[in-house]
Every structure is written in C-alpha cells, then in structure tokens.
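*Asks:* The opening position of the sequence shown corresponds to residue 1 in the UniProt record's numbering, with each subsequent residue numbered one higher.
Derived from the structure by calculation, the hints contain no laboratory data.
Only a predicted model underlies this, so the values are computations on that prediction, with no experimental measurement involved.
Treat the hints with care, as some may be off.
Quick list of the computed label-pair ranges, beta carbon to beta carbon [claimed, not checked]:
no. : residue 1 : residue 2 : range
1   : 302       : 155       : 25 to 35 Å
2   : 97        : 181       : 52 to 62 Å
3   : 345       : 133       : 50 to 60 Å
Where a beta carbon is used, it is the ideal one built from N, C-alpha and C, also for glycine.
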Amino acid sequence: MSDIFHKALMEDAARINVSKMTWAQVKRGHSRAHGKADWKRWLPVYAVSAAILVIVAIGVSGFVSPVMAKALQKIPIIGELYSFTYISKLNQYASDANPSATDQGITVSAPKAYYDGKQVKLIYAIQVPEGYEPIDVTQINLTVTKILLNGKPLPIDSAEGGDSLVSPNMYRGDVGWYLSSDQVSRSGMLTIPIRQVGTIKGNWTLYVPVSSVAIDNAIETVFPKDASSTYEGITITVNKVSKGPVYTTISMQVRQPLQMNSRLPFYMPLNGMVLIVLTPSRQDLAGEYIGALQPSKKFGNEEVWDDVTMQCITPSDDVKSIIVEPVLLGLERSQNIPQLDVIVPLN
1 MSDIFHKALM EDAARINVSK MTWAQVKRGH SRAHGKADWK RWLPVYAVSA
51 AILVIVAIGV SGFVSPVMAK ALQKIPIIGE LYSFTYISKL NQYASDANPS
101 ATDQGITVSA PKAYYDGKQV KLIYAIQVPE GYEPIDVTQI NLTVTKILLN
151 GKPLPIDSAE GGDSLVSPNM YRGDVGWYLS SDQVSRSGML TIPIRQVGTI
201 KGNWTLYVPV SSVAIDNAIE TVFPKDASST YEGITITVNK VSKGPVYTTI
251 SMQVRQPLQM NSRLPFYMPL NGMVLIVLTP SRQDLAGEYI GALQPSKKFG
301 NEEVWDDVTM QCITPSDDVK SIIVEPVLLG LERSQNIPQL DVIVPLN
C-alpha cells in the first residue's frame, strides 16, 4: 500500500464504522448516476487488495476526511466518479481544489470545476448521514442558483444538471451553466451558494478557484474565406472559428426567407431549423447554441441572424475541417439538408 493511502487510512479507519461494501454495490450505484456522462457502462474490475476495498468502503460511507477524499480520487474506479468522463479533456483544464462545506451532518464538495469564460461545468458530491430521507428529484437544484465570480454575478443564459445516488450515503451530480456573455473575468473565485439539500435547509456555500488562462492561451482562431453555402433561399456563412483544446466555437450569419416562419418558430432560435456540427466522416461533435441569440433583422423578404454562435467538441488533431449542416424540423420527421453544408477549415 502506498504511503498516501496508508496515511489516510490510519487517520480515518480507527474512528469510523466501515459499512460492508462490495464492488458490485459500487457498480450498481454507479450505473444509476445521471447526467451527460456514460454511466451505463459496467466499470472493469481488476485484481485489487483487501486494503483498497476497505478504502472504498470508507469512501462511500459518508464519513470522509479531506485527506481520505483526496486519496480515494487516485483510485481509478472512484476517480471516475469525480471526473468528467464524456469529454476527458475537461479534466485536464478543470480545477481540482475540491472545496467542501458541511452543515446538518451533510457534506457537499466540488471535486472538479471547468471554466472557459463561456460556461461553467461542475461535478459535485453529496455525503449524507444514515437515515437521510431523499427526495424524488435531484437533491440539490443548482440550475436555479445564482453563482458569482469575484463577487459579481455571472450572466447565466441557461443551465442544466442534477444528481443521483451512486452508493450508500453518496450522491454524485453535475451541472453546467452557460453564459449569455463572454465579457467576464478570466480567472478568480467562484461562489456557489447552496441553501438546501433535499428537504434540509442549511449553508453549504462552495468557493471554487477557476481560470480560463490556459484554455485562452491554447485557442487558435481562423477567419475562413468562402465558408458559405446557399440552398433554397437559405444562406449560412461562417465568419470565425476559435479552436480550443476542449471546445471549438463557431460564429456565423444565417439568412432565411420570411415564409419559413411557419416552420415551428417556437421550437428553435432559428425558425424551423437547427444546425449540427460533424466531422468529414460524419461523426457528430455535439454542436449546441451558446450565448444569447440576438433578435433577427428583416431585410426585404429575408430574416437575418448576424451573430449565431455554436460550440462543439474539438475533434482530434488529424481532423482538418468540420461541417455545419442544417436540419429542418417537422411535426412528423426532421430532414437533414446536406446541400447546405458549410465546410469550415480548422487551421
């Protein structure tokens, strides 16, 4: 056993009751966790020593010291609970200060926090005591929480996330806040006020150091020429591409005929149309709109959006271009329009 595990074990094991926990229990709870991460996978179980199993049991018991928590995160199966798994590069640029707050016998911590000036993504953990009565929905609703950066409110455009039970007395959650403006500080201290866990009121305010400096320094910006396509009166023009280590941001203009307004105008910000982002091999890069979409302008028979911004997962370095492709939405089925594809160079 390594020194770090031995030290942590000695600090905690003598003063707590270790509940019986098996790898099967850990995996069953792990597979129920919700969020964007792929929690449906059965985690591989390799040969492990009895000492490691004791540490896992302590880790999920709900009584974990900061030293032990840090040690547990170094074990692969436990570390995955505290990591971004759906985009692994998020972990490389995320803060892992792991602040925590305890009140009413409940401890809330934030093992990972990613911030790039456009969004905040947080992984949080909730350790609850024996006898805790959960509610049917997420135990902490952070999507309505007003977070601060350096004491100033961040301009939140939208948020999504939630948590679920991953093992006895332990919940794992993730949340993403998407900013309506990138005119914010590039680094500092996030303040995340939490006033209720389940039905229990208290104060679990978290203070999380974040920085987008490393991400900003790695961004490559391209202003492509002739990255435009027109079909059936619709024109899409890509004006700017910022390729970051985790996400790529695409700024574009979209022009549509006014008669398209009958196509589900309430569904998407662009009337009756959504844009997706693909690699040349048709791999979906999870494109999504970010920021606040400005109102369209009308010129003659056209409706124009001058500043449509999307982000997608940055593909591997061997991918030299991406494709922006529109999809027309319908009541019964949707239809891709490859004739309107815009091929966008990444370098």
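*Asks:* None of the hints should be skipped; say for each whether it holds.
*Replies:* Here's how the hints hold up against the structure:
In this structure, residue 302 and residue 155 meet the distance hint of 25 to 35 Å, their C-beta atoms being roughly 30 Å apart. For the pair residue 97 and residue 181, the beta carbons lie near 26 Å from each other, so the given range of 52 to 62 Å is not met. Between residue 345 and residue 133 the beta carbon distance is about 56 Å. The supplied range of 50 to 60 Å therefore holds.
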